[in-house]
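Q: Below are the chains, spelled out letter by letter.
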Amino acid sequence: MTVKQPDLSFTQNPQWIAERETHWGPIEGFLKENNRKEVVEQLKKLFFTGVIDNPEDVREGFAILYYPLQTAEAWDYLFQDVRLNPKCFKEFMNASLMGSYNEKFFLDDEARLRFFDYFHPATYQPVIKSRVPIGREQKIVQIEVDRFEILRDMAAKFSQFLGGSEVPVIYYRLDYFFSFLDEACDVMDVSNNDKDDIQYFANNFLQRYFKIESDLEPKNRGEQKAFLVRFYNHIANNPVHPSIKAIWQKVLDEHD
Amino acid sequence: MTNNQFAVDITVPQAQLNEWVELINGLCEGQLGAYLEERLEAFNPKALELMDKVLDDWLAYSHPQFFDFEQQGNRLRCQAEGPTGFHRDLAVFKKVLELCGATVNVQDNTLLDYL
Numbered sequence: 001m002t003v004k005q006p007d008l009s010f011t012q013n014p015q016w017i018a019e020r021e022t023h024w025g026p027i028e029g030f031l032k033e034n035n036r037k038e039v040v041e042q043l044k045k046l047f048f049t050g051v052i053d054n055p056e057d058v059r060e061g062f063a064i065l066y067y068p069l070q071t072a073e074a075w076d077y078l079f080q081d082v083r084l085n086p087k088c089f090k091e092f093m094n095a096s097l098m099g100s101y102n103e104k105f106f107l108d109d110e111a112r113l114r115f116f117d118y119f120h121p122a123t124y125q126p127v128i129k130s131r132v133p134i135g136r137e138q139k140i141v142q143i144e145v146d147r148f149e150i151l152r153d154m155a156a157k158f159s160q161f162l163g164g165s166e167v168p169v170i171y172y173r174l175d176y177f178f179s180f181l182d183e184a185c186d187v188m189d190v191s192n193n194d195k196d197d198i199q200y201f202a203n204n205f206l207q208r209y210f211k212i213e214s215d216l217e218p219k220n221r222g223e224q225k226a227f228l229v230r231f232y233n234h235i236a237n238n239p240v241h242p243s244i245k246a247i248w249q250k251v252l253d254e255h256d
Numbered sequence: 001m002t003n004n005q006f007a008v009d010i011t012v013p014q015a016q017l018n019e020w021v022e023l024i025n026g027l028c029e030g031q032l033g034a035y036l037e038e039r040l041e042a043f044n045p046k047a048l049e050l051m052d053k054v055l056d057d058w059l060a061y062s063h064p065q066f067f068d069f070e071q072q073g074n075r076l077r078c079q080a081e082g083p084t085g086f087h088r089d090l091a092v093f094k095k096v097l098e099l100c101g102a103t104v105n106v107q108d109n110t111l112l113d114y115l
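Residue numbers (our numbering), protein chains in the order written: chain E, 1 to 256; chain A, 1 to 115.
These aren't lab readings, by the way, just hints derived from the structure by calculation.
Be aware that a few hints might be false.
[What the hints assert, rightly or not] Pairs of lysine to aspartate or glutamate residues, derived as DMTMM-like cross-links and limited to a Cα-Cα distance of at most 25 Å, are as follows:
hint: 1; chain 1: A; residue 1: K53; chain 2: A; residue 2: E41
hint: 2; chain 1: E; residue 1: K37; chain 2: A; residue 2: E22
hint: 3; chain 1: E; residue 1: K44; chain 2: A; residue 2: D57
hint: 4; chain 1: E; residue 1: K37; chain 2: A; residue 2: D52
hint: 5; chain 1: A; residue 1: K53; chain 2: E; residue 2: D182
hint: 6; chain 1: A; residue 1: K46; chain 2: E; residue 2: E33
hint: 7; chain 1: E; residue 1: K44; chain 2: A; residue 2: E81
hint: 8; chain 1: E; residue 1: K4; chain 2: E; residue 2: E33
hint: 9; chain 1: E; residue 1: K129; chain 2: E; residue 2: D196
hint: 10; chain 1: A; residue 1: K95; chain 2: E; residue 2: E19
hint: 11; chain 1: A; residue 1: K53; chain 2: E; residue 2: E183
hint: 12; chain 1: E; residue 1: K44; chain 2: A; residue 2: D56
hint: 13; chain 1: E; residue 1: K245; chain 2: E; residue 2: E183
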């Protein structure tokens, strides 16, 4: 069974085209640095019409990034009918969680959140299944979430956020983050190559709890405080793994 | 300077100086794709034809770095570095620059040693 191509009749609307033109300028400049002219032209056509003349010439994943529609329906179509491969699915799954893609790719915050929700349930699940059969073999893909990698990246993201960076996507899906903390394994496990990074970033943002008034950047201070207070309460009242509680306890001890 | 780092040193016609600065300085800003194609094509479409395979290789695999742009009048210089075998691509590139109207001032000793 194939997924029907989404209705793209809106791409004929002159107002939509005019608005799209304003987004295309910076994207084109970015693409022209590292892609042949022919590829840039194909991507322009994809960006404005959704048509991909020659999928072989379009680098993996570009279809997702430049398709005119950014909805679950569109991504189903692209993963199944444009035959994006399972590796690509996994890369986008991680990128959607961390927001680690160029901000030019999503035209608004709603689309960014839809992309997160396309891959991730409301609360943490250890295995993520594709919604549609994908790849040349047209199979449902099951990706085991790398918990150490996610914890490292989320700790880094919150550390940056508390240091004044933009509010990350994961901030708007805190139920996912906190349910993940409840399921997280022993971060000190010898097989965890990221344990030093996890300790560093976690320690970095936990320290800020004690300096909420003085250390937080004025930008997004309300969101920063809300996150830290919820984190404190969660660690105190939920079955978070002892190895994570230990990081928190160390920070507490330093402030006694 | 490493074995795979070379100098690009050219003298260009005064009348097209701005276009040449845009091309060489653009390389140093990472503009190797369609930007470079358009600029070469504007000078001489045959030059672009000669560069075709090299450009594909640069974009897909070798990703060379150009840096340290310098200008003294109509003499333009920069450094170029790439993976093993990059000297062959650079030799083609220098021919391309000549086809576009530049005079190549320096053929690196390192490059000649390879040849």
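Q: Taking the hints in turn, state whether each one holds.
A: Each hint, compared with the structure:
1. K53/A to E41/A: 15 Å, holds
2. K37/E to E22/A: 18 Å, holds
3. K44/E to D57/A: 23 Å, holds
4. K37/E to D52/A: 11 Å, holds
5. K53/A to D182/E: 53 Å, violated
6. K46/A to E33/E: Holds: K46/A and E33/E sit about 21 Å apart, inside 25 Å.
7. K44/E to E81/A: 31 Å, violated
8. K4/E to E33/E: Between K4/E and E33/E the Cα gap is close to 34 Å, so the pair fails against 25 Å, i.e. violated.
9. K129/E to D196/E: 30 Å, violated
10. K95/A to E19/E: 43 Å, violated
11. K53/A to E183/E: 51 Å, violated
12. K44/E to D56/A: Given that 25 Å is the threshold and the Cα spacing comes to 20 Å, the pair holds.
13. K245/E to E183/E: 13 Å, holds
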